[in-house]
Each structure stands twice: as structure tokens, then as C-alpha cells.
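Got chain A sorted already, so can you dock chain B onto it with the hints?
Line by line, the protein sequences give chains A and B.
Per the numbering used here, the first sequence starts with residue 163, numbered consecutively.
Per the numbering used here, the second sequence starts with residue 250, numbered consecutively.
Read the hints as simulated data drawn from the structure, not as lab findings.
One or more hints might be untrue.
Think about it this way: if two alpha-carbon atoms lie no more than 25 Å apart in a straight line, the pair counts; the simulated SDA-like pairs of lysine to any residue are [unchecked claim]:
id, chain 1, residue 1, chain 2, residue 2
1, B, Lys452, A, Pro215
2, B, Lys452, A, Glu181
3, A, Lys273, A, Asp301
4, B, Lys452, A, Thr244
5, B, Lys452, B, Ala428
6, A, Lys429, B, Ala488
7, A, Lys429, B, Ala341
8, B, Lys452, A, Arg274
9, A, Lys273, B, Trp335
10, A, Lys429, B, Trp335
11, A, Lys429, B, Gln339
12, A, Lys273, A, Pro365
13, A, Lys273, A, Thr244
14, B, Lys452, A, Pro363
15, B, Lys452, A, Gly214
16, A, Lys273, A, Gln377
17, B, Lys452, A, Asp301
18, A, Lys429, B, Asn423
19, A, Lys429, A, Glu452
20, B, Lys452, A, Ala449
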Amino acid sequence: MSLDLTRVRVECGEVTAVEHLGSGVYEITARLPHLAATVAPGEFAQIRCGAGPIPLLRRPFSVAWSEADTCSFVFDVVGVGTSLLAHLEPGDELDCLGPLGSGFSLDAAGKRVVCVSGGLGCAPFPILARALRSHGVEDIIVLNGAASAARLYPAERFQHGDGAIRVLEATDDGSAGHHGLVTELVAGVLDGAGALFACGPNPMLAALASVLDAQPSRRRPQTMEASLEAPMGCGFGTCLGCALPVRSDGGRAYQPTKSAISRGPGKWALCCTDGPVMAMNAVDWTALLELPGADVA
Amino acid sequence: MNEMGSLDMSVDLGRGLVLANPVGLASGTAGYGFEFAQLIDLERAGALYTKGTTRTARDGNPPPRVAEVEAGMLNSIGLQNPGVDWVAEQYAPQFARWRIPVIVNVAGATVDDYVFCVRRLDGVAGIAGVELNISCPNIAHGLDYGRDPDAAARLITAVRSATERHVMVKLSPNVTDIAAVARAAENAGADSVSAVNTYVGTKVHRASGRPVLPQGTGGLSGPAIHALALAAVAEVSAALRIPVVGVGGIVDAATALDFLTVGAAAVQVGTANFVDPGTALRVLEGLTARRAEPELVEPARAMS
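Bound conformation, chain A alone (with noise of 0.2 Å):
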């Protein structure tokens, strides 16, 4: 049984800060030692929003930042919970279940790295640009697209002051940076990348995956990894709540070494234990939209 929850706890901790960012984009922070000192990059936390039974159950949000004793958590306001979490004032407790999930592969980054963030996906670039950086990583670009300008997580919220980071722009509407998609800029940053890493809604991802698939693969990073999203019931494997379809063929498909002891074989990965970063080329794209009701979810 190599699933490793052992980390794992419930920590309630103070608020100390509730930024909106602008737009409907919000980032808390908390004081949360445990998840602070134990936390990897793409891992996430479970959120409780409210103490009551409405919502339900904890809410997914991957770790942004972390700092001494404290967690941040980047997050729009799209229904009860989170409408709930963006009316918390420092002071106020917030209860986290974490960390959970598996995160990207920093050993195998080499010198350059690309990430491709889509809207909130921006939330765990912050943490693993850091990471990779005291990884030996030399060059990180972040393709940060959004809607608009004012829904763009600010470039300096990657980068801490570190000139190694750089931040490339891209906004739907054009009020920002590259008039397009973020998808769009890709090519043109990939040579002498060693790794790619992307998070975003999944039909970024999967349009990501066809740019990819399109390059010569001399051009191809290395790791290719993508944080991924699904509605959730747990987070952390034993619900069943978060399947997605993977790769079945091939010689790199998916490889279930994590939680599949507690499942058996199957056609589905967990979101929650196996991912929530999964190696790109585990993953079955085309599945993944053809869903029914993956519109919808």
C-alpha cells in the first residue's frame, strides 16, 4: 500500500489575511503550521466553508504559498462555499484537511521549466516556482492567461522578487498581454524546456495537450505534468467521487502505483489521490471531454 496519507490532518487556523485581488479573484491566508511545513507543490488542502451542514462537504484548493507558519489559497466566488470563504475577516478560523494529492515532479525539471496557468490555475504556480527554483531550475516562464486583465493573477505574486521567474500574459479580451489564448503562446517558449507544467480548467488542458501532441518531439518537454480538477466528495481516495479517464495504451500510459490498492484495476484515476498532477500522456483527453456531463459538472 504505497498511498501515503500519513500527512494528513485537520488543522483549524486563523485567518490572517482575505485580498480580493480584483474581480471576483480572492487569495486567503491562514495560519496553518502543519500544512505550511509539510505541503509540496500541486498538493492541495480540503477547506471547510462554513460550520454548518450547508454547504457540505470541504472544498478543494491547491496550496499558492506558503510561508513560516502560514498557507494561502487563491479562489473565485462561484457558489455558497466560496462565497462564503471570500466573507471571512482575519481573526476568523479556517479548517483545513490536508495535504492531500500528489503534486508536480520537481527532481525531473531540468534547467527550464514552463508553466501554463488558465484562469485560477494560477494557484500553485507561486509554490513551485519557488520550489523549483532551490531545485537548481534557472528559468521558469509562467504563460498566465485569463479572461481579462482584471481576472490576471498578478506576475509578481509568481515571482517574489526573483528575476529567474518571468510572467508572459494572455487575456481573452485582449485588455492584457496577448490578445488569445494562453494555449497560443506555448510554442514559442518551449525550446531547451525541461519540463512543462500546467493547471487550468480541463478543456485548457486538453487543448493544451493537442498543442503539445502537434510539436515535433524534440521540442517536447521532458515532464509534461497537468493539475487537474473534478467534483470531489473526500480528497483523499476513498469516495470514488473524483474519477477521471486515463490511458489505457501505450507504453507511457497510466501506471497505478498509488491508490490502486485500495481499488484494483480499473479505466479510472482518482483526481484526489493519484492527481491531482498527473503526467499528461496518463491521461485520456479526448475521453475526458466526451464525457457525458462534463459540461455540466
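Same frame as chain A, but now just chain B:
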């Protein structure tokens, strides 16, 4: 008090199945225990009821498989499980090392399926009993045995002759007369019943007008069903001589005690496990604290 100086919370469900305490983890909310064994002191709980297990492995339903509703959730996992052979060969040896009794939830489409599974598990070390899932709302034919007392009786009679182990029957609330199915189960040789499984529910995706779950419906669980489940358990308890295990919407000791008060001998904590993996143990601590207060009525006797 027993010799160890701790309160005796044990529950004898019959045919050799004695739980150290009444608080179990409900089927479908604790997998096969391997995650919870890392998250909590699982062996302190009274019982582990496994994920529904079938004759052959099942991939389960296409996602999305879960949808949140007011004070509850819908699930349509579709019995994703590794199959009974895998459970007997790969998991049971671990179950045998745990102090907690493991009761394997068994599901099927035919009497043969159930009998095959129960026979495969009979005599396997680490399996304390079976819970017959005659009430899964998420697979074709999953509810047939749960809705018809005669069909339930035929199934349970066949299963009864296939195992010496404890046979618990998990009742569906999606019936007109739950007591009739419960009586049929008792008369056919069930040692206990658990009530209730999830209620059939739907969530509409308002922008598209389509159901959120691709199967159209899912099983509703969580605090939303607590009052419904209590009524069902009260009715079933009044109708049966065999023990009843109450399940549905338990979030704390008070909501668990409600089931004991209306006649349940034990309880299962389900969906609340997802919100806080420690819920079952907190419920146990709360029930233990109440039992230790002499002025409190023994819950099991409160109804008599």
C-alpha cells in the same frame, strides 16, 4: 465497567458478530479501510462496512459521480470495486490483522452473484460478516431485491445457506413498505438489518436543464436524510426481533443517539466521514461519555 476499568460499549449483533462498540463506518464511505487506517485510529471504531463488492471487478460509472445538494450529496459511483476475489486475496489478510471487525458489503444482479460472493468470503480469515446490499440505486437491477419482499426472501434464503457468518441486510428506503421487506429478511434468516441506504435523488444543472449526474439520479446521503432515516429505523425496529443498525445523516453523538433511542442496536457513520475523517471516533467518544453518566437512560431500553 469491565476488568480494564473502561465502559463496556459492546454490541452483540448475533451469530458471533460482537462489536466492541456500536459505531461503525458505513459502506461506500470508507473504502476497504486503507485510507482511514492512515487518517484515524480505525481500530477503535466498532466496525468497518466495506465498499460494495461484486462477483467481478467493476469500473463504475462515468463521472461526474458526486454532486452536492442542500445538506447532503448525491453519489453515483456505480459500485466501482476490485471484485470479491481481490478482496478475499489481497485485502482480507490485512483485515485479519486489524482488531476492528470488517463486514464486507456484497452487491449483485442475481441470486447467483450474491451467493458466489458470500461463499467466496465464507471462512476467509479477516471477514467478520457480510452486509447484503439489496438497495444500491446506482446500478441496473440494484434495487430489485430491496423493493420486493418475496424477492428479498428468496435472495436471503439462498445466501443464508451459503455462509455460517453473520448476514446483515442493508435496506432500501426507496420502498412503499420498508417494514415488509425487513420482516421478509428476518424470516429468511438475516441476522440483522442496516437501515437505510441512500434515497434516490436528482440534481438539475440549471443552465442546461440536464441532470448533473449522467445517470440521471444518484443516492442522497448526509444530514438531509437524518430525519427520514430515523423514521425508517423506528418503523423497522418496531417490526423486528433481530438487531437494527441505524445509518443516515449522523454527524455527531446526538444524531447517532437518536438512532439508538428509536431502537437501533448500533449505528454507521457515512457521509460525515468525508467532511471529517474523525467523525466516527468523535461520535464514539460522545456516546461513551453519555453512557458513563448514570442519570442517562440506557438508549436500548428507552423505547421499552
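Holds or violated: Lys273 of chain A to Pro365 of chain A, with C-alpha atoms at most 25 Å apart: 29 Å, violated
Lys429 of chain A paired with Gln339 of chain B [C-alpha distance capped at 25 Å]: 19 Å, holds
Hint consistency between Lys452 of chain B and Thr244 of chain A [alpha-carbon to alpha-carbon, up to 25 Å]: 20 Å, holds
Pair hint Lys273 of chain A and Gln377 of chain A, alpha-carbon separation not exceeding 25 Å: At roughly 20 Å apart (the allowed maximum being 25 Å), Gln377 of chain A and Lys273 of chain A satisfy the hint.
25 Å limit on alpha-carbon distance, applied to hinted pair Lys452 of chain B and Asp301 of chain A: Not satisfied, since the Cα-Cα distance of roughly 47 Å exceeds 25 Å.
Holds or violated: Lys452 of chain B to Ala428 of chain B, with C-alpha atoms at most 25 Å apart: 29 Å, violated
Restraint status (C-alpha distance of Lys429 of chain A to Ala488 of chain B at most 25 Å): Measuring from Cα to Cα gives roughly 44 Å; hence the hint is violated.
Pair hint outcome, Lys273 of chain A versus Trp335 of chain B [Cα-Cα no greater than 25 Å]: Distance ~44 Å between Lys273 of chain A and Trp335 of chain B Cα, so the pair is violated.
25 Å limit on alpha-carbon distance, applied to hinted pair Lys452 of chain B and Arg274 of chain A: Not OK: Lys452 of chain B and Arg274 of chain A at ~46 Å, beyond 25 Å, violated.
Given pair status - Gly214 of chain A, Lys452 of chain B, alpha carbons within 25 Å: Distance ~21 Å between Lys452 of chain B and Gly214 of chain A Cα, so the pair holds.
Pairwise hint evaluation, Pro215 of chain A against Lys452 of chain B, where the allowed Cα distance is 25 Å at most: 17 Å, holds
25 Å limit on alpha-carbon distance, applied to hinted pair Lys273 of chain A and Asp301 of chain A: It holds: about 6 Å lies between the C-alpha atoms, which stays within 25 Å.
Hint violations for this structure: numbers 2, 5, 6, 8, 9, 12, 13, 17 and 18, all remaining hints satisfied.
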